[in-house]
Amino acid sequence: GEDVEQSLFLSVREGDSSVINCTYTDSSSTYLYWYKQEPGAGLQLLTYIFSNMDMKQDQRLTVLLNKKDKHLSLRIADTQTGDSAIYFCAERTGANNLFFGTGTRLTVIP
Amino acid sequence: ETGVTQTPRHLVMGMTNKKSLKCEQHLGHNAMYWYKQSAKKPLELMFVYSLEERVENNSVPSRFSPECPNSSHLFLHLHTLQPEDSALYLCASSQDFLAGVVFFGEGSRLTVL
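Listed in order, the protein sequences are those of chains P and V. Just so we're aligned: the first sequence equals residues 17 to 126 in this note's numbering. Just so we're aligned: the second sequence equals residues 19 to 131 in this note's numbering.
The set of hints was computed from the structure by calculation and includes no laboratory data. Treat each hint with caution, since some may be false.
[As the list claims (entries may be wrong)] The calculated lysine to aspartate or glutamate pairs, modelled on DMTMM-like cross-linking and capped at a C-alpha distance of 25 angstroms, are:
#1 V:40 x P:54
#2 V:36 x V:85
#3 P:52 x P:19
#4 P:52 x P:99
#5 V:59 x P:30
#6 P:72 x P:30
#7 V:58 x V:103
#8 V:58 x P:54
#9 V:59 x P:19
#10 P:52 x V:124
#11 V:58 x P:99
#12 V:54 x P:21
#13 P:84 x P:19
#14 P:83 x P:19
#15 V:59 x P:54
#16 V:59 x P:42
#17 V:37 x V:62
#18 P:72 x P:94
#19 V:54 x V:103
#20 P:52 x P:85
#21 P:52 x V:42
#22 P:72 x V:103
#23 V:58 x P:94
#24 P:52 x V:71
#25 V:54 x V:102
#26 V:54 x P:94
#27 P:86 x P:30
#28 V:54 x V:71
#29 V:58 x P:42
#30 V:36 x V:103
The task is simple: from the sequences and hints, build the whole structure.
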């Protein structure tokens with residue numbers, strides 16, 4: 017089946033940029049998503065990108081998609097302590113499912 | 019507020035109890051989903067409903083029973099659960115089954131004693 021991989025942990029200092037990476041295997045992806053999950057909460061959609069796009073920017077968030085390498089990244093500029101959470105990459109394929117990575121726990125150090 | 023509301027947020031039940039989780043979406047979406055989130059495992063899709071009909075059932079034990087009475091509401095009925103069923107159960111919806119962004123609720127944290 018489809019495989020979505022992320023590194024488990026990332027620590028950055030407040031004010032620095034964070035880059036969270038994700039690789040996927042299904043080349044028929046239609047949408048790719050980034051979700052944020054804070055402790056005890058559900059998944060909050062942060063941003064998404066269509067598979068025919070290379071980049072999307074939304075305020076402090078920049079998503080880069082490299083279809084050739086099947087690599088997706090999320091850059092958070094000026095990272096704040098409130099950005100500490102688990103970030104999930106997900107791909108929606110041409111089939112019928114949304115495949116999630118195991119999540120990257122971002123810790124922002126004051 | 020994502021437009022997808024789940025109740026209860028927390029539930030503790032014994033293995034012989036019967037309880038239900040409720041999900042309501044206020045987005046006018048046609049597809050609704052149940053996902054299970056366990057520690058250290060990727061999110062698992064359990065059930066998919068499109069226009070109130072079940073279209074996906076990923077080998078979920080029969081002790082979990084979904085119900086979709088209309089396109090805005092989704093239930094997950096629970097009976098004779100096991101401790102390993104303790105998890106966060108997330109409801110989600112999207113405009114249509116194979117299209118649209120998927121929005122999640124806050125989840126129902128289930129603990130089975």
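Now for the hints, and whether the structure bears them out:
no.	hint	verdict
1	V:40 x P:54	holds, 21 angstroms
2	V:36 x V:85	holds, 15 angstroms
3	P:52 x P:19	holds, 19 angstroms
4	P:52 x P:99	holds, 9 angstroms
5	V:59 x P:30	violated, 29 angstroms
6	P:72 x P:30	holds, 23 angstroms
7	V:58 x V:103	holds, 14 angstroms
8	V:58 x P:54	holds, 15 angstroms
9	V:59 x P:19	holds, 13 angstroms
10	P:52 x V:124	holds, 12 angstroms
11	V:58 x P:99	holds, 21 angstroms
12	V:54 x P:21	holds, 19 angstroms
13	P:84 x P:19	holds, 16 angstroms
14	P:83 x P:19	holds, 15 angstroms
15	V:59 x P:54	holds, 17 angstroms
16	V:59 x P:42	holds, 20 angstroms
17	V:37 x V:62	holds, 21 angstroms
18	P:72 x P:94	holds, 17 angstroms
19	V:54 x V:103	holds, 9 angstroms
20	P:52 x P:85	holds, 24 angstroms
21	P:52 x V:42	holds, 21 angstroms
22	P:72 x V:103	violated, 38 angstroms
23	V:58 x P:94	violated, 29 angstroms
24	P:52 x V:71	violated, 29 angstroms
25	V:54 x V:102	holds, 12 angstroms
26	V:54 x P:94	violated, 33 angstroms
27	P:86 x P:30	violated, 29 angstroms
28	V:54 x V:71	holds, 20 angstroms
29	V:58 x P:42	holds, 22 angstroms
30	V:36 x V:103	holds, 14 angstroms
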